[in-house]
Amino acid sequence: MKIRMEIDENITENEVIIRCSQLSEDVLSVQKLIAEAATSGKQMTVYRGETEYFISPKKILFFETDAEGVCAHTRDEVYLVRYKLYELEELLPGFFVRVSKSTILNLNEIYSVEKKISTSSIVQFQNTHKQVYVSRHYLKALRDRLEEKRMRG
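The sequence shown begins at -11 in our numbering and counts up by one.
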């Protein structure tokens, strides 16, 4: 794999282009690493009442829809976000994954996955009582992403 950088002082926004003959696991891994690096230092604006908070996506355990809108859950707090879940899927770093129609979770914060045969599986997070349900439709994708994460080490 060749890596080439071009410096152009007239560019107003950096752009990374990956050229490949086919979409292989190596190419996907590079794309995910670049996407995570590009968003690692960024903060997300979340809201509680009239107050805006700026937190790193790494601190968010999961996003979930409820009657008020989309909520971002950290270990101890719940905030509102001004995005729809499908918009968050596009914006969030690669360590987030959709696990139901109403939930996106942070793969790096998973403590356990309890598989239920007849109902949704349950994901628990370390050092908090919070948990989310994974629908059967999304369970295989979650397991695949967790396995991929283990393989990358």
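By construction, these hints were calculated from the structure, which means they are not laboratory data.
All values derive from a computational prediction rather than experimental measurement.
Among the clues, some could well be false.
As the list claims (entries may be wrong) - Label-pair restraints from in silico Cβ distances:
| no. | residue 1 | residue 2 | range |
| --- | --- | --- | --- |
| 1 | Lys(-10) | Tyr99 | 17 to 25 Å |
| 2 | Arg131 | Ala55 | 28 to 36 Å |
| 3 | Asp64 | Arg138 | 23 to 31 Å |
| 4 | Cys8 | Ala55 | 40 to 48 Å |
| 5 | Glu1 | Glu77 | 28 to 36 Å |
| 6 | Arg(-8) | Tyr41 | 38 to 46 Å |
| 7 | Glu13 | Tyr74 | 45 to 53 Å |
| 8 | Arg131 | Glu75 | 37 to 45 Å |
| 9 | Gln114 | Ile(-1) | 24 to 32 Å |
| 10 | Ile105 | Lys137 | 18 to 26 Å |
| 11 | Arg(-8) | Glu136 | 20 to 28 Å |
| 12 | Asp(-4) | Tyr41 | 30 to 38 Å |
| 13 | Ile110 | Asp132 | 27 to 35 Å |
Where is the CB? At the ideal position from N, CA and C, for every residue including glycine.
Right, here's what the structure says about each hint:
no., hint, verdict
1, Lys(-10) to Tyr99: 17 to 25 Å, "violated (40 Å)"
2, Arg131 to Ala55: 28 to 36 Å, "holds (30 Å)"
3, Asp64 to Arg138: 23 to 31 Å, "holds (28 Å)"
4, Cys8 to Ala55: 40 to 48 Å, "holds (44 Å)"
5, Glu1 to Glu77: 28 to 36 Å, "violated (22 Å)"
6, Arg(-8) to Tyr41: 38 to 46 Å, "holds (40 Å)"
7, Glu13 to Tyr74: 45 to 53 Å, "violated (26 Å)"
8, Arg131 to Glu75: 37 to 45 Å, "violated (25 Å)"
9, Gln114 to Ile(-1): 24 to 32 Å, "violated (42 Å)"
10, Ile105 to Lys137: 18 to 26 Å, "holds (24 Å)"
11, Arg(-8) to Glu136: 20 to 28 Å, "holds (27 Å)"
12, Asp(-4) to Tyr41: 30 to 38 Å, "holds (36 Å)"
13, Ile110 to Asp132: 27 to 35 Å, "violated (18 Å)"
Checked against the numbered hints listed earlier, the structure breaks hints 1, 5, 7, 8, 9, 13; every other hint is satisfied.
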